[in-house]
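Q: One letter stands for each residue in the lines below.
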Amino acid sequence: MAELLQFVFSGLTVGAIYALVALGFTLIYNASDIINFAQGEFVMLGGMTTVFMALVGVPLPVAALIAIIVTTGVGLALHRFAIEPARGATPVALIMITIGASVFLRGLAQIVFDKRFHSLPSLFGADPIQFGGAAILPQSLVVLAGATVIVVLLWLFVERTLLGKAVIATAANRLAARLVGVDTRRIVDFSFAVSAAVGAIAGILITPITLTSYDAGTLLALKGFAAAMLGGIGNPLGAVVGGLLIGMIEALSAGYLSSSYKDAAAFLIILVVLVAMPQGLFGRVKVERV
Amino acid sequence: MRAVQHFTATAAIGLCAVLGAGLPASAQIKIGTVLSVTGPASFLGDPEKRTLEIYVDEINAKGGVNGEKLQLIVYDDAGNANNARTFATRLVEEDKVVAMVGGSTTGSTLAMIPVFEDANIPFISLAGAIQIIEPVHKWVFKTPHTDKMACEKIFADLKSRNLTSIALISGTDAFGKSMRDQCVAVAPNAGIKIVAEESYGPRDSDMTPQLTKIRNTAGVQAVVNPGFGQGPAIVTRNYRQLGIKLPFYQSHGVASKQFIELAGPAAEGVRLPAAALLIADKLPASDPQKPVVVNYTRTYQEKSGQAVSTFGGHAYDGLMILVQAMQRAKSADKAKVRDEIEKTKGYIGTGGIVNMSPTDHMGLDLSAFHMLEIKGGDWTLVPGT
Amino acid sequence: MAPAILVAAIVIVLPLFFPSAYYYRIGALVFIFALAVVGLNLLMGFAGQVSLGHAGFLGIGAYSVAIGPVHFGAPSWLCLLAGAILSGAVAFAVGRPILRLKGHYLAVATLGFGLLVAIVLTNEANWTGGPDGMSVPALTLFGWRVRGSDVWYWIAGATFVGGFLLALNLMESPTGRALQAIHDSEIAARVLGIDVARKKLTVFVISAMYASVAGSYLALFNGLATPDEAGFLRSIELVAMVVLGGMGSIFGSLVGAAVLVVLPQVLTVFHEYEQVLLGLIVMVFMIFLRRGIVPSVSVALAGWRK
Chain A
1 MAELLQFVFS
11 GLTVGAIYAL
21 VALGFTLIYN
31 ASDIINFAQG
41 EFVMLGGMTT
51 VFMALVGVPL
61 PVAALIAIIV
71 TTGVGLALHR
81 FAIEPARGAT
91 PVALIMITIG
101 ASVFLRGLAQ
111 IVFDKRFHSL
121 PSLFGADPIQ
131 FGGAAILPQS
141 LVVLAGATVI
151 VVLLWLFVER
161 TLLGKAVIAT
171 AANRLAARLV
181 GVDTRRIVDF
191 SFAVSAAVGA
201 IAGILITPIT
211 LTSYDAGTLL
221 ALKGFAAAML
231 GGIGNPLGAV
241 VGGLLIGMIE
251 ALSAGYLSSS
261 YKDAAAFLII
271 LVVLVAMPQG
281 LFGRVKVERV
Chain B
1 MRAVQHFTAT
11 AAIGLCAVLG
21 AGLPASAQIK
31 IGTVLSVTGP
41 ASFLGDPEKR
51 TLEIYVDEIN
61 AKGGVNGEKL
71 QLIVYDDAGN
81 ANNARTFATR
91 LVEEDKVVAM
101 VGGSTTGSTL
111 AMIPVFEDAN
121 IPFISLAGAI
131 QIIEPVHKWV
141 FKTPHTDKMA
151 CEKIFADLKS
161 RNLTSIALIS
171 GTDAFGKSMR
181 DQCVAVAPNA
191 GIKIVAEESY
201 GPRDSDMTPQ
211 LTKIRNTAGV
221 QAVVNPGFGQ
231 GPAIVTRNYR
241 QLGIKLPFYQ
251 SHGVASKQFI
261 ELAGPAAEGV
271 RLPAAALLIA
281 DKLPASDPQK
291 PVVVNYTRTY
301 QEKSGQAVST
311 FGGHAYDGLM
321 ILVQAMQRAK
331 SADKAKVRDE
341 IEKTKGYIGT
351 GGIVNMSPTD
361 HMGLDLSAFH
371 MLEIKGGDWT
381 LVPGT
Chain C
1 MAPAILVAAI
11 VIVLPLFFPS
21 AYYYRIGALV
31 FIFALAVVGL
41 NLLMGFAGQV
51 SLGHAGFLGI
61 GAYSVAIGPV
71 HFGAPSWLCL
81 LAGAILSGAV
91 AFAVGRPILR
101 LKGHYLAVAT
111 LGFGLLVAIV
121 LTNEANWTGG
131 PDGMSVPALT
141 LFGWRVRGSD
151 VWYWIAGATF
161 VGGFLLALNL
171 MESPTGRALQ
181 AIHDSEIAAR
191 VLGIDVARKK
201 LTVFVISAMY
211 ASVAGSYLAL
221 FNGLATPDEA
231 GFLRSIELVA
241 MVVLGGMGSI
251 FGSLVGAAVL
261 VVLPQVLTVF
271 HEYEQVLLGL
281 IVMVFMIFLR
291 RGIVPSVSVA
301 LAGWRK
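Chains as they are written, first to last, in the numbering used here: chain A, 1 to 290; chain B, 1 to 385; chain C, 1 to 306.
A couple of the hints might just be wrong.
Each computed EDC-like pair below joins lysine to aspartate or glutamate, with the alpha-carbon atoms no more than 20 angstroms apart [claimed, not checked]: (1) B:343 <-> B:134; (2) B:290 <-> B:302; (3) B:193 <-> B:152; (4) B:245 <-> A:33; (5) B:96 <-> C:186; (6) B:30 <-> B:134; (7) B:345 <-> B:365; (8) B:245 <-> A:3; (9) B:257 <-> B:281; (10) B:303 <-> C:272; (11) B:257 <-> A:114; (12) B:290 <-> B:373; (13) C:199 <-> C:186; (14) B:303 <-> A:114; (15) B:345 <-> B:287; (16) B:245 <-> B:268; (17) C:102 <-> A:3; (18) B:343 <-> B:373; (19) B:148 <-> B:181; (20) B:69 <-> B:57; (21) B:148 <-> B:197.
In case anyone wonders, no lab produced these hints; they're calculated from the structure.
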């Protein structure tokens, strides 16, 4: 029993990490139908910038804030300088732009930062919490809490604020939104900025567990993308559920099947789920009008 | 019409590409290096590149080799064997190097060996696996200890503590897998029994399921972790998180003081085999390696601003062995230099004291490894090893 | 027919500019990857299906010529064919359920497939040699050992011309027209009586076989097969070659492959700025030449001629 609980804790830890990254994909997709493969780099920038600011003596909370601001700026720049000018291009071309951006940011990170691994101190110390014979790190709970808070804030934003409604309108039908006076360009700006900020926050929260380096973004983007699709792209709750599910499958496979095939098990399940439910777990069924 | 347009477009692009790819050569002693500076093995390639650049500059500042300056030509294979092969071909055909020190990983080294063997160019590899020098290739040498030696050192220490039944948790990257295979192969002769085995991906963030399974296996007396990069730090933290008190051994892939910082208090009591480089200041004054490693540590840390790494040390040894061979041969002639490399005797490097021979193209024995234990956030030498 | 003659001319004329074996190697690599890209272009450009895991088929092809000779003693050329057939079979089995998915969901499913292949290749070390890969015995044809960058240049070039012709023929055939109809509107195509699922599966199988042959060539040329060749980064590189060259332009496949093989070689002079510049160049190309190099340049030239 304690063994199962430990596997569950591990799954929650890793799953919460994927969930946070997946949320970033959801936001940009909602506002602009683009899958942003540079999302992983936003997460990396959050962690690495904080680390390097702290290394030059900036107090940690301030360093984190600077990291979030810098990353948000990068997100905005990505939209303004790379995505906006290519408005009207095919989805594949836009995805290729974000892939180019991810290579660019990774290359920049290795020059500005370094190629080693770094960590950040946990918010509540490194001593594990014992529960039912299993041990969980306090930081894992912080990551879970962070994902929950962000989902709740997003929901509140979309349901309760005018700006949130404008984002939904832009996502539903861009032309119609513009016709009713929504500045869609600003809305997409905003969604890139928020996605980048969420990514940066994710990076800061997960680095005490995952460590970070200039190329930490690649694998995270992969898993985050898979999690977002599993949950149904466009649905923040789906992104979180997708992330947690992948984490759990990995941990349980490592525990009960084979540790070398845990990633394979997760992707196999994703394939099976998508074949059975082609729009993901919580995705909207797309009705194609003829 | 369309066809002509297509052709013009393609030709224009092709011409630009061909013109851009060629660069003129100049007269100096050209040494090539293909390293994994970026990508999954940048943990190895980056310190190697920095070391080679720092020391080529130093040697040139002191007048070069045999009166000629050295020119280092660096290519980054990003950890991909196909790229390594392409760059090796480029070094041989285009840049016309006389020697090669590089190949951060076994995969890239194995991809490049045929190129340098065919071109009769001495190749000193910086990768770990034993296949690089067994069977012996005429033109291929290497400086790092083999992972077989690391296993033997760890097993010897286990026996001395009366621990005979162990669990392995290894990274699925090439380093971890290769060392795991060697440990499995030498275990019976060393009197060690491997009762449990788990693995993890090199970028995984939580290894508690694997460690839980190990903890719940009966008869495990100690745990060994072959791997490199960030994995070992996370495994070590998880070890403490689960409260496992069994003796824990890391591998030489840990390579630098950064491991202790990253693993934090969990690193207390961890043992690992390491070259003298890691404990430079703790070596007794009589140790012949002391001046070399202290010097290298100081120079590397000053010039790069980073803590020293054994992988960088291997690059240093590779370069110095090559340079000294050139000096003994009094020329940069490839065949003469190769012969002199093979005759390297008593070279005192960061990895150990090197004595090569026609049947041993590495030249290190088990005494090149010391067993270290982490105490109080720092390395200490386990006495008698 | 004319474009094929053009491509053959390029293959024959290019070596006149080659000062050393290094260039032959680059040329061979360009044609090998271009072959895989032609196949992927059929899938992505003509049928409009995204595949983020196509390198999985490259890997199957590469390891067929490694495992076959080493573990079964079979001749390399036979293993190459067997690999292509195996890839086709795998594509058939995997494609039937997956190709029902649309857009990004299909992308994730193909991504998962590619990763699964890479994981199996890395883990089953007894068969595949593990993460370091396994060495591949050289191809022998009629008693003659095929090695050397120049030899492989001609083999790869000739095969590419053949693959190019085949793809052109396919596009002009009823199947090709059906595919373009599907790309434009699946529902309209279905209304016209086209068996959409069957056609998509056909092109998926064909593109898998193209990639498999390319992968086998790569492994035979290098004398080495590694799990990297089936990896995620390789898949993304193939997609980039398709998109950069021009989706739906078979000629563009050659251009895309050429750019992404040659560019990293050219950029080495910039040392640590290599990645930054590569990313920048990809972004700039996609923003300004967003339909790909060949279509955009053609349009520009057509406009200039007027």
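Q: The structure should be examined with respect to each hint, and the outcome stated for every one.
A: Verification of the hints:
{"no.": "1", "hint": "B:343 <-> B:134", "verdict": "holds (18 angstroms)"}
{"no.": "2", "hint": "B:290 <-> B:302", "verdict": "holds (18 angstroms)"}
{"no.": "3", "hint": "B:193 <-> B:152", "verdict": "holds (13 angstroms)"}
{"no.": "4", "hint": "B:245 <-> A:33", "verdict": "violated (51 angstroms)"}
{"no.": "5", "hint": "B:96 <-> C:186", "verdict": "violated (56 angstroms)"}
{"no.": "6", "hint": "B:30 <-> B:134", "verdict": "violated (28 angstroms)"}
{"no.": "7", "hint": "B:345 <-> B:365", "verdict": "holds (13 angstroms)"}
{"no.": "8", "hint": "B:245 <-> A:3", "verdict": "holds (17 angstroms)"}
{"no.": "9", "hint": "B:257 <-> B:281", "verdict": "holds (13 angstroms)"}
{"no.": "10", "hint": "B:303 <-> C:272", "verdict": "holds (17 angstroms)"}
{"no.": "11", "hint": "B:257 <-> A:114", "verdict": "holds (16 angstroms)"}
{"no.": "12", "hint": "B:290 <-> B:373", "verdict": "holds (19 angstroms)"}
{"no.": "13", "hint": "C:199 <-> C:186", "verdict": "holds (11 angstroms)"}
{"no.": "14", "hint": "B:303 <-> A:114", "verdict": "holds (14 angstroms)"}
{"no.": "15", "hint": "B:345 <-> B:287", "verdict": "holds (17 angstroms)"}
{"no.": "16", "hint": "B:245 <-> B:268", "verdict": "holds (11 angstroms)"}
{"no.": "17", "hint": "C:102 <-> A:3", "verdict": "violated (40 angstroms)"}
{"no.": "18", "hint": "B:343 <-> B:373", "verdict": "violated (35 angstroms)"}
{"no.": "19", "hint": "B:148 <-> B:181", "verdict": "holds (9 angstroms)"}
{"no.": "20", "hint": "B:69 <-> B:57", "verdict": "holds (9 angstroms)"}
{"no.": "21", "hint": "B:148 <-> B:197", "verdict": "holds (18 angstroms)"}
When the structure is compared with the earlier hints, violations turn up for hints 4, 5, 6, 17, 18 and for no others.
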